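Here the protein sequences come in this chain order: A and B. The first sequence begins at 357 in my numbering and counts up by one. The second sequence begins at 357 in my numbering and counts up by one.
There's no promise every hint is true.
Same chains, same names: a pair is fine if it fits in one copy or spans any two.
To be verified - Dumping the calculated EDC-like pairs for lysine to aspartate or glutamate here, alpha-carbon to alpha-carbon at most 16 Å:
id, residue 1, residue 2
1, 439, 477
2, 670, 372
3, 621, 594
4, 439, 375
5, 439, 373
6, 399, 524
7, 574, 738
8, 439, 415
9, 621, 588
10, 410, 375
11, 621, 587
Rather than coming from a laboratory, the hints here were simulated on the basis of the structure. These figures come from a predicted structure and were not determined experimentally.
2 protein chains.
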Amino acid sequence: MSQHRIEADYLVETPDDPERTVATIAGEQSNGTFVRVPGETPKLLERAAARVVKFEVIDRFVGRRALPTAHPTPDQEHLTRAKFTLSWPLATLGPSLPNLMATVAGNLFELRQVSGLRLLDIRLPEPFAAAYSGPRFGAAGTRHLAGVQGRPLIGTIIKPSVGFSAQDTAALVAKLCAAGIDFIKDDELQADGPNCPFNDRVAAVMREVNACADRTGKKTMYAFNLTGDVEEMKRRHEVLLRHGATCLMASINSVGLAGMIELAKFSQLPIHAHRNGWGYLSRHPLLGWSFTAWSKIWRLAGADHMHVNGLANKFSEPDDSVIESARSCFEPMFASKTCTVMPVFSSGQGVTQMPGTYAAVNTTDLIVTAGGGILAHPGGPEAGVRALREAWDAALQGVPQADYARTHPALSMAMRAAV
Amino acid sequence: MSQHRIEADYLVETPDDPERTVATIAGEQSNGTFVRVPGETPKLLERAAARVVKFEVIDRFVGRRALPTAHPTPDQEHLTRAKFTLSWPLATLGPSLPNLMATVAGNLFELRQVSGLRLLDIRLPEPFAAAYSGPRFGAAGTRHLAGVQGRPLIGTIIKPSVGFSAQDTAALVAKLCAAGIDFIKDDELQADGPNCPFNDRVAAVMREVNACADRTGKKTMYAFNLTGDVEEMKRRHEVLLRHGATCLMASINSVGLAGMIELAKFSQLPIHAHRNGWGYLSRHPLLGWSFTAWSKIWRLAGADHMHVNGLANKFSEPDDSVIESARSCFEPMFASKTCTVMPVFSSGQGVTQMPGTYAAVNTTDLIVTAGGGILAHPGGPEAGVRALREAWDAALQGVPQADYARTHPALSMAMRAAV
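Chain A on its own, in the form it takes in the complex (with noise of 0.2 Å):
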């Protein structure tokens, strides 16, 4: 593609003609206007108006509007989906995420000719590389900090979520790294709470994670929500940097973009990207962002790991969208700038799940999060990340994990609990 146009692939459902919807969004995302004004020239509308570069119908069927409209809504009717693709001029708004943003995902979803659209992906030219940093340490540094090789980083999520204060979290943290783990994470929901101040949290939790790596030599790495506005950010990263900290997370969704750029301008550790809030944009297949498209936005910004749920987990979403988010972390987004970045599967994990991780993403640039697989095996917590571990082995060898249990107690255990 051109090194001066951006692109955005969509999916589109209307019970209109699909190429004259088509037509409007490019002109809603543009000119913006449906009435001619006066300066509007046919060449300006050629230097600046979006363009309609791919246009495929995929369905065309009779049944019900995926979304509602103010117009009246039969039953039954005609209607159209179909992929397509807008191309922007870069000299319209430069290579800023911001803007990017409500160039590739502002009003054309509110459009009543549409009764389903959904951003599939998008392409962005290289100065949009030249402009942000992306991920800094992505899998290599975050390998080199945590100082594991080879497999991927084993890990959990304090729980409960709330109502631990700092000792309380400290003591379990005490445990974890005991037991030899990689990767904690704060729960998105505990940042800064009076019950469980993040510099008390800080403080305690590190003064365990040094103690034990002055033991073991093995530091375990902890991410810490220090989810807030960026002046609350900025001194939070201080008090990181100060107990010598390796990692930091924020909910992007809560953060922003441009508090997010700000971050990773400021940061000196990998920025753990958690995702919640991530139902409410992607949870209607016709409506929203795909993965694809929306981390690579924050991708670009400068998230180093990026939540993308787990095989089989508690929540909604099916197994082919779990992988196609998990690959989607590998593909270079320039060929100056890879941005790859660490996927992140959590929920409801345990060693069933990760023969077929491994199988969908080929890779062990990755983190697995672990609660009840770790806290809740009946060999302890040291049982259950030896298990995880043996689990990768197994996979890493190609051996059938029911083979591979046969000699390794802990995760023989781990498949018989189911944790």
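Based on these hints, arrange chain B on the given structure of chain A.
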């Protein structure tokens, strides 16, 4: 409600037992695990868990799920829709808007028990009012700067959205100022692209605005779109102050919450909050956010004007939804601080929608932007502005528009031209 608890109202659809589903949502958004973990005592749960404080089944029916899940989904099944209210102790998160978002609108939308979930409203305890500025201008401050009393601000949007240079924009602005317009805004697609750089546009536009003000005593308010990262917004804000601008605009879904909070901290001008992207947050009636809930977050963060679409708009939103949004802008958020904002009516607006708009909101504390309604008026832009003012005069005097038009030719022409 308690001074120390946060409340959120939801609409849920589920194929499961609705009370159990609601309990699951409360669990996910507080203790956050389905496996009993060490340290999770009944006392901790009592202190930290979210409580279901209201629950009401509103419909039981046989039909098809609003949202798909990973489960096999029959075409027809028993479904329940219910409204419920969750309550959280403030002490688990503190008065933090970004962390509020993760709590009231986090992972819950992804739960598999849920085949529809929409956040309807939120109520925040007083400490939130102390933690954020809220709108610092609102209607009174905006009226003072625009010099408009007793009627809505009549405005327009620069169209075509993109393609105009700074000089083209300024030439159109000169014409609009001469026509006596109160308010002009950039389009959300125009921020700081190479074809129309922000600084050039501000200089060229404000030269015309200031010249017209010197000549006529009326200074048109122009909302410059400074959407960008935090540092860009700070620099652009300085440029605005230097040229005597009286308003700024930000695409709040592009900037995000931490960026908006930062903007509100340094801004010395009213913040015109553009909601583009709202469709992906709200278009499905059983997913995402109601405007009432969503706008409260941005009102408290510092928005002064909020887009609400318009009656008989060109988008998909029905009038009752537009009216509900507009009215919510005037509902006080706290006893100590109302955080009321000016609703902005736009999209295909002209004289015909004005009586209904006034009847719906019963106030003039609003902004109406008309594109074709002003620029395509057969008598020219001055007649377009006059026609809209006359439409409001008629509405405020309780005179039917058709009667008033008999003695007001600009209004009469607008009605005949249907602009």
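Evaluation of the provided hints:
no., hint, verdict
1, 439 - 477, "within (11 Å within a copy, 35 Å between copies)"
2, 670 - 372, "between (38 Å within a copy, 15 Å between copies)"
3, 621 - 594, "within (14 Å within a copy, 21 Å between copies)"
4, 439 - 375, "within (11 Å within a copy, 40 Å between copies)"
5, 439 - 373, "within (14 Å within a copy, 38 Å between copies)"
6, 399 - 524, "between (67 Å within a copy, 14 Å between copies)"
7, 574 - 738, "within (14 Å within a copy, 74 Å between copies)"
8, 439 - 415, "within (10 Å within a copy, 36 Å between copies)"
9, 621 - 588, "both (15 Å within a copy, 13 Å between copies)"
10, 410 - 375, "within (11 Å within a copy, 47 Å between copies)"
11, 621 - 587, "both (13 Å within a copy, 11 Å between copies)"
Of the numbered hints listed earlier, not one is contradicted by the structure.
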